[in-house]
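Take the sequences, apply the hints, and build the full model.
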Amino acid sequence: MWAELSRLLGKMAATMKNVEEIRSRVILGEFGVKNVHTSDFPGNYPGYDDTWDMQKFQKNFRIDVVHLDESSMEFDMVGIDAAIANAFRRILLAEVPTMAIEKVFIYNNTSIVQDEVLAHRLGLIPIRADPRLFEYRNAEQQLGASEIDTIQLQLKIKCSRNPRASKESSDPRELYLNHMVHIYWVPIGNQADVFADSSIGPVHDDILIAQLRPGQELDIVMHCVKGIGKDHAKFSPVATASYRLLPEITLLEQVEGEKAERLKRCFSRGVIDLEDVNGKKVAKVVNSRLDTCSREVLRHDDLKNVVKLGRVRDHFIFTVESTGILPPDVLVTEAIKVLMAKCQRFLNELDSTDMK
Amino acid sequence: MAGEGEKKPVLEMIQADGADEGCVTFVLHDEDHTLGNSLRYMIMKTLDVEFCGYTITHPSESKINFRIQTRGGLPASEPLRRGLNELTDVCQHVLNTFQARVNEFKEGQEQPME
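Residue numbers (our numbering), protein chains in the order written: chain A, 1 to 356; chain B, 1 to 114.
I should point out that these hints are in silico values taken from the structure, not numbers from a laboratory.
One-sided excerpt, in silico: chain A residues whose CB lies under 10 Å from chain B:
hint, residue
1, D50
2, A82
3, I91
4, A94
5, V332
6, F346
Calculated cross-link-like contacts (lysine to aspartate or glutamate; reagent style EDC-like; alpha-carbon spacing at most 20 Å):
hint, chain 1, residue 1, chain 2, residue 2
7, A, K337, B, D89
8, A, K56, B, D89
9, B, K106, A, D64
10, A, K234, A, D206
11, B, K106, A, E334
The structure presented is a predicted model; accordingly, all values stated were derived computationally and were not measured.
Every residue gets a Cβ at the ideal spot worked out from N, C-alpha and C, and that includes glycine.
This is the structure we're talking about:
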């Protein structure tokens with residue numbers, strides 16, 4: 001009887017571990033990926049209280065910043081669900097507003113780049129201006145660019161032959177003057193005082209807009225407005241924003257010798273290390289975060305049963321690369337505020353319909 | 001309601017005649033998976049909700065149909081309001097934590113240089 005009871009308890013313990021794994025890990029199998037969806041909703045698992053609890057969330061939630069500089073950042077968000085992490089990612093790509101060139105008034109364009117191609121290229125240039133200090137332009141307001149919603153930029157350049165170049169040179173930089181084109185800012189209204197210290201203009205001043213040859217000129221006035229990436233991709237403030245789940249590699253048995261060497265080669269460098277135990281080389285998982293989850297190990301018949309590959313479902317490694325308009329940590333804060341504003345909009349709407 | 005013909009609707013409630021207040025489809029305008037999925041997750045975590053789901057009726061129209069069915073006669077706008085409030089609280093907590101950690105990281109970076 002004791003044997004049966006202990007066997008039953010053993011099976012129950014095994015199922016408990018299995019349930020924990022189903023709830024918290026995505027399993028990478030040979031032919032498919034299992035347990036992808038979040039399933040911890042109240043009522044799904046007997047014995048678990050999955051109702052939303054703010055205290056439990058605050059206790060388990062943490063953020064670790066791994067790398068941060070002016071143009072990119074990498075941070076970990078642990079303890080949050082994929083739905084909300086994805087909402088932040090989508091907002092970073094499409095709903096954080098920036099300023100970009102929208103209207104291009106071409107007074108003279110004798111270059112070989114067509115007007116519309118030139119206008120398209122100008123729109124894609126990232127403009128260094130804090131979008132939080134500007135307002136959206138009203139749709140009805142057709143005439144005039146007011147100082148609160150528009151930035152005016154100008155481009156006026158003419159290419160000429162360099163009289164000081166030597167006879168044989170064929171390098172355009174030496175032969176011609178002004179053959180690569182740059183933009184400068186013309187302040188409207190009181191913008192000159194408001195933005196006296198911050199320089200408004202393109203983020204990078206070496207973006208090639210058009211190439212000119214002697215006799216060609218460009219005379220263009222541009223208006224920048226505030227917009228979001230959902231409208232046009234030129235308004236997107238990130239070069240890219242993405243996340244991945246933390247990989248988890250478990251060795252089910254001890255792997256040693258030549259097999260350990262092959263196991264090490266199946267993963268990205270730095271994931272598996274060989275350590276010396278009793279004179280034999282034994283494989284050990286050192287840093288599973290570096291792995292790119294190529295599942296190469298599952299292609300080898302003798303190695304595929306030794307390893308269990310998975311991903312931790314609530315550990316997100318975010319990478320945000322900014323185009324230079326705003327620093328990446330500011331972008332993430334703005335994205336979170338955009339989500340809060342969306343919720344607030346519907347809360348106000350619910351309250352106003354209730355009061356009627 | 002004069003003069004409101006120009007105002008675009010933000011949130012509509014569609015309820016079948018004869019059904020109780022617990023089964024309602026909300027139409028949220030100018031929204032997509034960003035708010036839809038995160039709100040669905042928060043509402044599914046509530047106890048009294050029997051069913052919660054959302055669809056985007058057509059990808060060219062930016063609106064979602066958000067359906068909530070509750071148990072026990074609770075009016076469906078209750079879980080919706082609670083879900084929105086909880087999502088706002090989550091965002092606030094994430095924002096505070098993130099800003100604190102970024103400041104810590106920046107201070108940690110400045111110190112070795114001094």
